[in-house]
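*Asks:* If you're matching them up, the sequences are chains R and S in order. As numbered in our numbering, residues 53 to 220 make up the first sequence, in order. As numbered in our numbering, residues 329 to 627 make up the second sequence, in order.
Some clues are possibly wrong.
A few chain S residues that don't get close to chain R, going by computed Cβ distances all over 12 angstroms [what the hints assert, rightly or not]: (1) Gly346; (2) Glu357; (3) Glu365; (4) Asn371; (5) Ala385; (6) Pro388; (7) Met392; (8) Arg393; (9) Gln401; (10) Glu509; (11) Arg523; (12) Ala536; (13) Ala582; (14) Glu610; (15) Thr617.
What follows is a list of derived Cβ distance ranges for each label pair [as the list claims (entries may be wrong)]: (16) Leu460(S) to Gln166(R): 50 to 60 angstroms; (17) Gln332(S) to Arg59(R): 15 to 25 angstroms; (18) Gln401(S) to Arg113(R): 19 to 29 angstroms; (19) Asn399(S) to Lys84(R): 19 to 29 angstroms; (20) Asn198(R) to Glu333(S): 47 to 57 angstroms; (21) Pro174(R) to Gln402(S): 19 to 29 angstroms; (22) Gly474(S) to Lys85(R): 45 to 55 angstroms.
So these bits of chain S aren't anywhere near chain R, every CB distance computed over 10 angstroms [what the hints assert, rightly or not]: (23) Glu336; (24) Ser337; (25) Gly338; (26) Leu345; (27) Ile374; (28) Val396; (29) Arg456; (30) Lys483; (31) Leu507.
Derived from the structure by calculation, the hints contain no laboratory data. For each residue, glycine too, the CB sits at the ideal point set by N, CA and C.
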Amino acid sequence: MQRLRDRDEGAMTIFYDKYSAALYGVILRIVKKEEIAEDVLQEAMVKIWHSFPSYDADKGRLFTWVMNVCRNLAIDKIRSRQYRVGSRTQPIEESAALRQAAEPSFRPEHIGLQEMTRQLNPEQRQIVDLLYFGGFTQSEVADELNLPLGTVKTRARAAIKVLSKLIR
Amino acid sequence: MNIQEYIESGILEEYALGVLNEVERAEVERIAREHPEVARELNSIISGLDAYAQAHAITPPAEMRDRVLQNWQQAIRQPQQPAAAPLSGDGSSATPRMVASAPAPAAAPVQQEAVVRQLPTQESGSSRTRWLVAASVALLLLSGIGNFLLYNRLKQTEANLEVAQTEQSRYAATQKAALNERDQQLSVLRNEAFRAVELKGTPKAPDALARVYYNAKTKAVYVDVRNLPELPTGKQYQLWALDNGKPVDAGVLATATATGDSIQQMKDIASAQAFAMTVEDEGGVASPTLSTMTVIGNL
């Protein structure tokens with residue numbers, strides 16, 4: 053991190069080796085296509101490099117920060133892409149459902165994920181996925197799933213609580 | 329403030345997910361600073377989501393590593409590229425930024441930038457192509473219209489030229505004929521062999537005056553009218569040669585001759601002592617109507 057702060061370009065190689073799997077996994081989960089995921093990761097690294105001086109370590113972990121940069125870029129990508137191909141008229145349920153359906157196939161790295169999702173019930177998982185990978189707000193999720201906002205908030209809180217308990 | 333209620337309101341989750349606007353985010357951070365309980369809860373939420381992200385990790389294909397690192401290096405060496413625009417200050421914290429669709433009006437500029445970057449590169453290319461195609465088509469059409477107009481004008485010019493040439497050659501022919509005639513008349517007037525006979529008006533037409541040129545050798549007769557009264561329609565002047573008191577037809581005068589515009593060659597006369605003109609029916613008659621005699625003159 054100090055090397056990143058010193059604008060040491062070699063640090064980015066270390067950064068890649070350390071974070072690319074986590075970032076790529078989330079990006080791919082959002083954009084679905086490997087070549088687009090690569091583009092987004094590429095773009096995110098440029099962005100991270102240029103805005104690193106303004107990263108405030110006191111406010112949170114580097115992982116959280118870079119993950120959010122990637123997540124936002126990836127979500128923008130699918131939204132702009134949907135916009136470009138004119139599928140904006142597609143009902144949001146449908147697009148979300150599509151995203152839900154495209155579950156990545158089993159990979160060794162997913163053991164952690166499998167353990168995690170075993171702890172979440174399907175409703176909780178659906179909500180977390182919409183919030184985290186879909187970039188939805190809680191009220192958008194409520195609209196999407198046709199649930200009262202209060203229910204969505206309760207489930208989201210419960211789900212995230214499960215997740216944070218797991219890592220403790 | 330009821331801390332428990334605040335924690336359960338769901339705002340900390342929204343903060344961690346990055347759907348809050350700048351003002352809301354600052355408020356959450358302020359409250360977290362003031363209330364360790366809130367800070368703890370917030371950290372636990374963020375850690376939970378980070379772990380969830382981590383759980384999705386997929387090692388990218390090995391060949392991607394060099395590609396991404398190389399492209400990254402290229403990109404950061406071109407600081408003017410839009411992709412190189414730094415994140416705004418608020419995006420630099422551990423706080424997730426607003427996503428583009430968040431309903432709050434204060435959408436984070438970084439998000440918009442990310443979207444904007446996608447579109448121009450793609451669309452400027454295709455719009456330039458579209459522009460070029462449109463321009464080419466327009467030029468082609470204009471050139472076609474221009475050619476058509478020029479072709480039409482060329483055709484018209486050619487037609488005009490043809491008319492002018494025809495006109496010109498006809499005029500030349502007319503002029504040549506006229507000149508020949510004048511030359512001939514001039515040669516008559518200059519010829520010593522011709523004798524001029526003044527024909528003077530009879531009491532019927534005292535102002536009438538004409539002249540006859542007579543060549544006794546060649547028998548040629550020319551008439552040159554100075555002034556003759558206007559004729560009623562259907563009538564013509566007829567010239568007579570008087571040979572030993574006997575009238576001999578010398579032909580009728582053309583209108584141009586009668587009005588004095590031209591000298592006219594008449595019929596050949598073998599012998600004559602006087603000439604006279606009478607008014608006769610068009611085409612002439614065999615013997616003169618003496619009562620209509622207008623001019624007369626002796627050799």
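*Asks:* Each of the hints needs a verdict: does it hold here or not?
*Replies:* Each hint tested on the structure:
1. Gly346: violated (6 angstroms)
2. Glu357: violated (8 angstroms)
3. Glu365: holds (15 angstroms)
4. Asn371: violated (9 angstroms)
5. Ala385: violated (4 angstroms)
6. Pro388: About 4 angstroms separates Pro388(S) from the closest Cβ of chain R, which leaves it inside 12 angstroms; violated.
7. Met392: violated (6 angstroms)
8. Arg393: Incorrect as stated: the minimum Cβ-Cβ distance to chain R is 6 angstroms, not above 12 angstroms.
9. Gln401: violated (7 angstroms)
10. Glu509: Holds: least Cβ distance 90 angstroms, greater than 12 angstroms.
11. Arg523: The claim holds: Arg523(S) sits with its nearest Cβ about 111 angstroms from chain R, beyond 12 angstroms.
12. Ala536: Consistent with the label, Ala536(S) stays out of reach of chain R, its closest Cβ about 104 angstroms off (over 12 angstroms).
13. Ala582: holds (92 angstroms)
14. Glu610: Glu610(S) clear of chain R: closest Cβ-Cβ about 94 angstroms, beyond 12 angstroms.
15. Thr617: The claim holds: Thr617(S) sits with its nearest Cβ about 107 angstroms from chain R, beyond 12 angstroms.
16. Leu460(S) to Gln166(R): 50 to 60 angstroms: holds (54 angstroms)
17. Gln332(S) to Arg59(R): 15 to 25 angstroms: violated (45 angstroms)
18. Gln401(S) to Arg113(R): 19 to 29 angstroms: holds (26 angstroms)
19. Asn399(S) to Lys84(R): 19 to 29 angstroms: holds (21 angstroms)
20. Asn198(R) to Glu333(S): 47 to 57 angstroms: Violated, at about 26 angstroms.
21. Pro174(R) to Gln402(S): 19 to 29 angstroms: The hint (19 to 29 angstroms, Cβ to Cβ) is violated, given that Pro174(R) and Gln402(S) are roughly 44 angstroms apart.
22. Gly474(S) to Lys85(R): 45 to 55 angstroms: Given range 45 to 55 angstroms: holds, Cβ gap about 50 angstroms.
23. Glu336: Non-interface label fails for Glu336(S): nearest chain R Cβ at 7 angstroms, not farther than 10 angstroms.
24. Ser337: Label violated. Min Cβ-Cβ 8 angstroms, cutoff 10 angstroms.
25. Gly338: violated (4 angstroms)
26. Leu345: violated (5 angstroms)
27. Ile374: violated (6 angstroms)
28. Val396: Non-interface label fails for Val396(S): nearest chain R Cβ at 5 angstroms, not farther than 10 angstroms.
29. Arg456: Fine: 17 angstroms to the nearest Cβ keeps Arg456(S) off the interface.
30. Lys483: holds (51 angstroms)
31. Leu507: Check passes; 86 angstroms lies beyond 10 angstroms.
In summary, the numbered hints that this structure violates are 1, 2, 4, 5, 6, 7, 8, 9, 17, 20, 21, 23, 24, 25, 26, 27 and 28.
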